[in-house]
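Asks: Residue numbers (this note's numbering), protein chains in the order written: chain A, 1 to 282; chain B, 1 to 255.
Bear in mind the hints are in silico, worked out from the structure with no lab data behind them. Warning: the hint list may mix true and false statements.
[Unchecked claim] A few chain A residues facing chain B, derived, Cβ under 8 Å: (1) E111; (2) I145; (3) R147; (4) F152; (5) T166; (6) I169; (7) A173; (8) Y174; (9) G266; (10) G270.
Using N, Cα and C, we set each Cβ at its ideal position, and we do this for glycine too.
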Amino acid sequence: MSAYEISIISIIGINVILAVSLNMISGFCGQISLGHGAFFGAGAYAAALTMVGSGSVPLAIMAALLTGSLLGLAVGFASLRVRTDFLAVTTIGVNFLFVGFVRKQAWLGGEMGISGIPATGFGPVGNMTMILLFAAATIALSLYISRSWMGFAFRAVGEDEGAAATLGINSGAYKLAAFGIGTALAGLAGCLYTFFTQFITVDAFDFIFSVMLMAMVVIGGIGSTWGVVVAAVGLTLLPEAIRFVNDYRLLVFGGLLVLVIRLAPGGLTGMVQRAFLAVRRS
Amino acid sequence: MSAALKLDDVAIRFGGVQAVGGVSFSIKEGDFVGLIGPNGAGKTTLIKIIAGLLRPDKGSVQLSGVDVTADGTAARVRRGLALTHQIVRPFREMTVLDNVALGAGYRRTSSPFRALMHLDRRLEYERAAEIIAQVGLAGTEKKLAGSLPLGQMKRLEVARALAVEPCVILLDEPLAGLNHAEASKQVEAIAAVHAKGITVVLVEHNLEEVMRICRRLIVLNNGLVIGDGEPREVMADPDVHEAYVGGGMASHAEA
Ligand SMILES: Nc1ncnc2c1ncn2[C@@H]1O[C@H](COP(=O)(O)OP(=O)(O)O)[C@@H](O)[C@H]1O
Ligand SMILES: [Mg+2]
Numbered sequence: 001m002s003a004y005e006i007s008i009i010s011i012i013g014i015n016v017i018l019a020v021s022l023n024m025i026s027g028f029c030g031q032i033s034l035g036h037g038a039f040f041g042a043g044a045y046a047a048a049l050t051m052v053g054s055g056s057v058p059l060a061i062m063a064a065l066l067t068g069s070l071l072g073l074a075v076g077f078a079s080l081r082v083r084t085d086f087l088a089v090t091t092i093g094v095n096f097l098f099v100g101f102v103r104k105q106a107w108l109g110g111e112m113g114i115s116g117i118p119a120t121g122f123g124p125v126g127n128m129t130m131i132l133l134f135a136a137a138t139i140a141l142s143l144y145i146s147r148s149w150m151g152f153a154f155r156a157v158g159e160d161e162g163a164a165a166t167l168g169i170n171s172g173a174y175k176l177a178a179f180g181i182g183t184a185l186a187g188l189a190g191c192l193y194t195f196f197t198q199f200i201t202v203d204a205f206d207f208i209f210s211v212m213l214m215a216m217v218v219i220g221g222i223g224s225t226w227g228v229v230v231a232a233v234g235l236t237l238l239p240e241a242i243r244f245v246n247d248y249r250l251l252v253f254g255g256l257l258v259l260v261i262r263l264a265p266g267g268l269t270g271m272v273q274r275a276f277l278a279v280r281r282s
Numbered sequence: 001m002s003a004a005l006k007l008d009d010v011a012i013r014f015g016g017v018q019a020v021g022g023v024s025f026s027i028k029e030g031d032f033v034g035l036i037g038p039n040g041a042g043k044t045t046l047i048k049i050i051a052g053l054l055r056p057d058k059g060s061v062q063l064s065g066v067d068v069t070a071d072g073t074a075a076r077v078r079r080g081l082a083l084t085h086q087i088v089r090p091f092r093e094m095t096v097l098d099n100v101a102l103g104a105g106y107r108r109t110s111s112p113f114r115a116l117m118h119l120d121r122r123l124e125y126e127r128a129a130e131i132i133a134q135v136g137l138a139g140t141e142k143k144l145a146g147s148l149p150l151g152q153m154k155r156l157e158v159a160r161a162l163a164v165e166p167c168v169i170l171l172d173e174p175l176a177g178l179n180h181a182e183a184s185k186q187v188e189a190i191a192a193v194h195a196k197g198i199t200v201v202l203v204e205h206n207l208e209e210v211m212r213i214c215r216r217l218i219v220l221n222n223g224l225v226i227g228d229g230e231p232r233e234v235m236a237d238p239d240v241h242e243a244y245v246g247g248g249m250a251s252h253a254e255a
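The following block holds chain B by itself, in its conformation from the complex (with noise of 0.2 Å):
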């Protein structure tokens, strides 16, 4: 079986900066993986690697055993790929049930001429019913999606991630911002999705949840990999425990 996802020596320059320098992993099916480290690590560059926002210098992407390297994020969502942008996007012009239907009808988008031979939207809006509901947002549907405080705007995210039925979700910092409550939801909403079935990559720097919830940890420390396994083991790792004092989290990581 081919993994979900597989990177091989990717790397990135930004100017003076190795944001990312020559990471390789495979993730499994269905796994759920914690992809952390120290602000400032490649985080959220290695995740717009993966998604196609960002073009690596080097090395190469592989969806389910397809090298989609070359290709835009689009065609990556289309290969089963989801994501949610750190910095909320919602379509603020737009209701949240808009939001959530466009990406349900991913198959009728797949190209402006079909896009033109379609009129009816009922399907979508159930299913973007169903998935607001899953999330928690409903009651929300009729809301202009700008109008939502951040705590639902990222749930939404997650939302229009579901929506276009992906085999893998990358999620930057979902709980970022949020408070104690609103992000115990989010992370219920989360455990729904892999529940599902979708293999889960999530970018978090409250270790306690990431702790609880991932199966597998990612340290990433100056665009390398510095620790690589189950969770505990990893937070044991003497250079994992270093990267996280030296990065200034010393209060995270010894609590």
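Same shape as in the complex, but just chain A (with noise of 0.2 Å):
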């Protein structure tokens, strides 16, 4: 395997990481979230200053989950507070926030980032192989999650919270539990992101990188583990494959965005199970 190819496997990895788990989220419990991208740099400055300090990589995933999950607690917090819509304001105000505050501090490396960060010790190759793993067991726990009857009340709260109320449900605290476990997977990824780059600034965590996760998510089919895993891996391709793509994210992801929400509100999902459904039919 070439060294590009790791690293195009690593950063699908990790992407799919970042797309199951906004999902979650937003997908689940229909709490729209347009600063993923700052829960995922929050876990990769954790990771990064972990390492710095103690070279330690159990250390290091646990320090990214907790500032991840930390972080989307206390937005989660904000999100009982305002209505949907304006929850996906609060979010992108979120993630400029982290931006403009990290680029100010020192002893985050501000403009500079943080470089020589430790390695892991396991080498390309078992770096690549334990974000596989890893993304491998967050759609686990995706799938999981969305039988179980926690994934149940996601979509009654996702639905409509005051009839989930009226069935004995406690919508907060299955919006808590919607930030905080999927933000803590953003800071997870953020560290094998860490573990990856050894390098790190803060451009790489910025809105328009959330904006392509949740297009991701929106492409795939809101709510389907399958189809955002797909997506993540496809939008992750695109730019790769056409260097025009890779010049005007912002305005690829977000023209996506809107097409599929107009056009096919299922996503990926909704085309296929429409198409199956056609096929049956004939």
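With the hints as a guide, dock the two chains, each given alone in a separate frame, to form the complex.
Replies: In structure tokens form, the structure reads like this:
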């Protein structure tokens, strides 16, 4: 395997974790978050500092999970107070605040970022394998949640909080759970990214990246784990294959997002379901 | 024995409107109470306060002797309260069976952590199917709730309320918008609810049905209780009569 292939596969694995975890928050539980990049970044910085300080891989993973979910719970608390459409704006704000904050912090490397992060010692193939294992675990967790009573209640909260409450479902607790789990996984993805690059700057965690993650969720078919996995792989490869897409990321992903919402709200999953039905009928 | 539901001096104001202005009453276990009054009297507002969907400016709400004034809706439901919405709110993207099963699984969804530990839905689906049959919706289990006609959606509201095994059920205009045949099926479903020993509070415009099935009437007007007692006596009260004539429901009251 070439170094290029290894790096592409690693990035795909990281993006799968990010898209699937965002889908738990926005797809399963209906809480629109356009700031997933901030939790990804928080995990990356936490892991970077831990690696620089201790060089311990397990510690870095724990620090990233914890930092991602703590920041996520804080935003989750905000989500209890605001309407769903306003939450989208709030999370965009969180993303910009995160980037703005990190840029000004000397201890986080400011504009220059953090470089010279100690290696995991697993080598590129070892890192890639670890990333793929975590991605597989994330997919398995997502599939499990969607089949569990938690996923059942998430759907109710996402569709109508008031009606969920009349069935005894405490929407606030479920929203916090969705944010807590989803952002912990985003933090984990950030940690894996740090292991992979050993050099991070805040630009990797900007709002444009969050829009790309939301595009993966929407294009994959909101709420469908496998649809989102397929979209995450596809949208990661697209800028690699087509130079133009790489140069105009926001335009292309934002445009795709709007197109799918307007023309095919079910995303890939909806299209496959419809095609399947059509084939069965004929 | 403590009352199933007790209100003490409950009041709420919206801007210039005193929607509910100091209401107190106590409803005993197993009773069937009609809450009536002209349009805008404050019935829905009072139901929402009891259900925890609105917070009163003052006063308290007790369920089976426990003060629940500070609790949210979900917590009150777990204390034995259930309600149907005047404007139906099914989970449109879920099947009828899922809508009811989710209520039947209220023990599993008491916390996200507990919910995460459980996968099996068979018991809840069985219970849900029974309840769906009880309200006369057998055969619609696999349909999307959003695709049902209004008459069936209104019965689905009752089915979901039953699923959480309530002691007290609040029904806000469960017959509104139904044709005669649908309404009589709905009345049957409600009578069956009461027959199980559940305390029923029914908000309804159709006075004929109310007089027929309720054991006690509480009449609201301008946010205040103006009549309370045995249905025929209450309706004979000149003040109540006056409120209905004044409230533009003369045809109903005099018919
Ligand atoms: N959310 C609200 N904001 C302002 N006024 C309200 C609101 N809800 C109800 N009201 C007013 O309170 C009064 C009682 O309304 P409501 O409880 O819906 O009456 P009913 O159900 O008896 O017809 C009406 O005058 C209504 O206009
Ligand atoms: Mg009303």
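Asks: Indicate, hint by hint, whether the structure satisfies it.
Replies: Cross-check of the supplied hints:
no. : hint : in the structure
1   : E111 : 40 Å, violated
2   : I145 : 7 Å, holds
3   : R147 : 6 Å, holds
4   : F152 : 6 Å, holds
5   : T166 : 6 Å, holds
6   : I169 : 5 Å, holds
7   : A173 : 5 Å, holds
8   : Y174 : 5 Å, holds
9   : G266 : 11 Å, violated
10  : G270 : 12 Å, violated
Checked against the numbered hints given earlier, this structure breaks hints 1, 9 and 10; the rest are met.
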